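Once you have looked at the hints, place chain B on chain A.
Just so you know, the sequences run in chain order A and B. Residues 9 to 149 (our numbering) make up the first sequence, in order. Residues 28 to 423 (our numbering) make up the second sequence, in order.
Think of the hints as simulated: they come from the structure by calculation, not from any bench. Some hints could be false.
What the hints assert, rightly or not - Using 20 Å as the maximum straight-line C-alpha spacing, the simulated SDA-like pairs for lysine to any residue come out as follows:
(1) A:Lys91 <-> B:Ser259
(2) B:Lys269 <-> B:Ser259
(3) A:Lys71 <-> B:Asn285
(4) A:Lys91 <-> B:Asn285
(5) A:Lys39 <-> B:Pro159
(6) A:Lys71 <-> B:Gly286
(7) A:Lys39 <-> B:Leu53
(8) A:Lys91 <-> B:Thr152
(9) A:Lys91 <-> B:Arg144
Just so it is clear, the structure is predicted and the values come from calculations on it, not from any experiment.
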Amino acid sequence: MTQNSPLRPQPRFPEPDTEPFWEATKNRELKYQTCNSCSEVIFYPRAHCPSCGSLETSWNTSKGDGAVYTYSVILQSRHPAFKDLGPYALAYVDLDEGFRIMSNIVNVADPVNDISCGMRVKLNWHDQGEGEIALPMFEPA
Amino acid sequence: MSQRREAAIVGIHEYPLRVAPGVSSLQIKAASAAKALSDAGLNWQDVDAVYDTGTHQNIGGLGISEYLGLKPDLIDTTSVGGSSYEFQANHAATMIASGKANVALLTYGSTAHSDRRAIGTGGATGQGSPTPFNNMEDPWGMTLISNYGMVKARHMHQYGTTDEQFANISVATRYHAMRNPEAVKAMTDLEFVGVNEITTQDVMDSRLIAWPLHLLECCMVSDGGGAVVIASKEVAANCTKKPVWIIGGGEATKYRENGGDITVSAGAQSGPRAFADAGVTPDEIDILMAYDSFSITVMCMIEDLGFCSKGEGGDYVSSGILKFDQSGGPALNTDGGGLSSNHPGERGIFLLLESARQLRGESTAQVNDAKLAVAVGNGGQLGSRHSTSATILAAD
Chain A
9 MTQNSPLRPQ PRFPEPDTEP FWEATKNREL KYQTCNSCSE VIFYPRAHCP SCGSLETSWN
69 TSKGDGAVYT YSVILQSRHP AFKDLGPYAL AYVDLDEGFR IMSNIVNVAD PVNDISCGMR
129 VKLNWHDQGE GEIALPMFEP A
Chain B
28 MSQRREAAIV GIHEYPLRVA PGVSSLQIKA ASAAKALSDA GLNWQDVDAV YDTGTHQNIG
88 GLGISEYLGL KPDLIDTTSV GGSSYEFQAN HAATMIASGK ANVALLTYGS TAHSDRRAIG
148 TGGATGQGSP TPFNNMEDPW GMTLISNYGM VKARHMHQYG TTDEQFANIS VATRYHAMRN
208 PEAVKAMTDL EFVGVNEITT QDVMDSRLIA WPLHLLECCM VSDGGGAVVI ASKEVAANCT
268 KKPVWIIGGG EATKYRENGG DITVSAGAQS GPRAFADAGV TPDEIDILMA YDSFSITVMC
328 MIEDLGFCSK GEGGDYVSSG ILKFDQSGGP ALNTDGGGLS SNHPGERGIF LLLESARQLR
388 GESTAQVNDA KLAVAVGNGG QLGSRHSTSA TILAAD
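Looking at chain A on its own, in the form it has when it is part of the complex:
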């Protein structure tokens, strides 16, 4: 199902907020930030804390374990990278460290019935080429 494709849209740079996140994926590290002032978990990455406005933040590495918050199974996409994939699952995953990421759920035979809200998942990295970023996807834990 969701295999790598050269046509899949990639993050684009320069984009200073998200570049450290994607740079870390080259080492298969899933990074998130916390605020040094109010301790809130920050995601998606930003140079400030959206809870308190602090400019002092720290990067942390997630273990990559979490649960499906919600999902949708796409049966019709006109995008060249996805139109011939067959049904594939888009999801929000809640990581145990407290942040919510959009991703794909992979390695399921029947995405509509084999995925459920609350289902435990773990990281499944999809390399995008030698020296390139890797996409953090998730599969049933």
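Leaving out everything else, chain B in the frame of chain A:
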């Protein structure tokens, strides 16, 4: 009545065609403006405030006044997706009430259908300057429909809402569309399979576009547009048609948050503010023009504006009260909605237009003695970042 009576919709026009090849968005705006001003009994140069999202021109809102040939004292190019027109109507009413303008013109035009824009299924374009959110969302193949699909899936999980319950929303809007000749022509011109009333089973049997959303839960992609003229009470007193008063408004935005509840829209913030501003309650509303990009959008608007408790929308919409000829609740999208009449990309202006028609007594699915309407727009994408604005309107 003690409701506010300071600014009113006095002129309206809905561009009649949903398939309009060879016509530009700007031409749709100008043609609609002329007809809306004529409807009001006002002249072109009476306009002293211009409201437009600023799309389809160079440099945002700079082009629209020039193209129309107006010299307004005030211009507002709030652009927050399909709900922009409720934001703008609220802003226009406020500015008119404060004496900064007398005649405001809101315009919208789009050729989304003729441009062959794959709005619902196209996915990320990978063009333009990179943004943090694009960089975190583009790689996953999200389509607009799947974004809303994630909200519906969570609603079903969290509250036990069923596909059949959601389908009632599509059934009610089609019931109204079949009474609107322009909607019937729209569905015919856009080659709908079966231009007729539908059942909940028809909705559930239509193909899945992005589970759990079926085809008949998704709005059409049409051409179209329209214009609304909002004027002060002094101007309204001399207009051709009876005024439709803007008595309250509220606006808000919401976005993906860590630990947030995706089933709660920005309407939970803007809806209560609008009702408090107007001094009315949801149970007094006769007409509910709720942005039906998808069934789930309407479900969230109904719950978050307080027509029923959160999570109880499934039972609420299944009771049949959304049809114009049933009592016990507001009539929903009596023009046929985005699901069955008109959705050129940003539907918000049509919510104001049909609200005004109902409160004038001019709808094709007229509710007897309709007194109060709420137009609630939703823009952006419900499952990520979106805006919800409500405008509450009263008959003269």
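Hint numbers not upheld by this structure, sorted from lowest to highest: Going through the list in order, the structure violates hints 1, 4 and 7 and respects the others.
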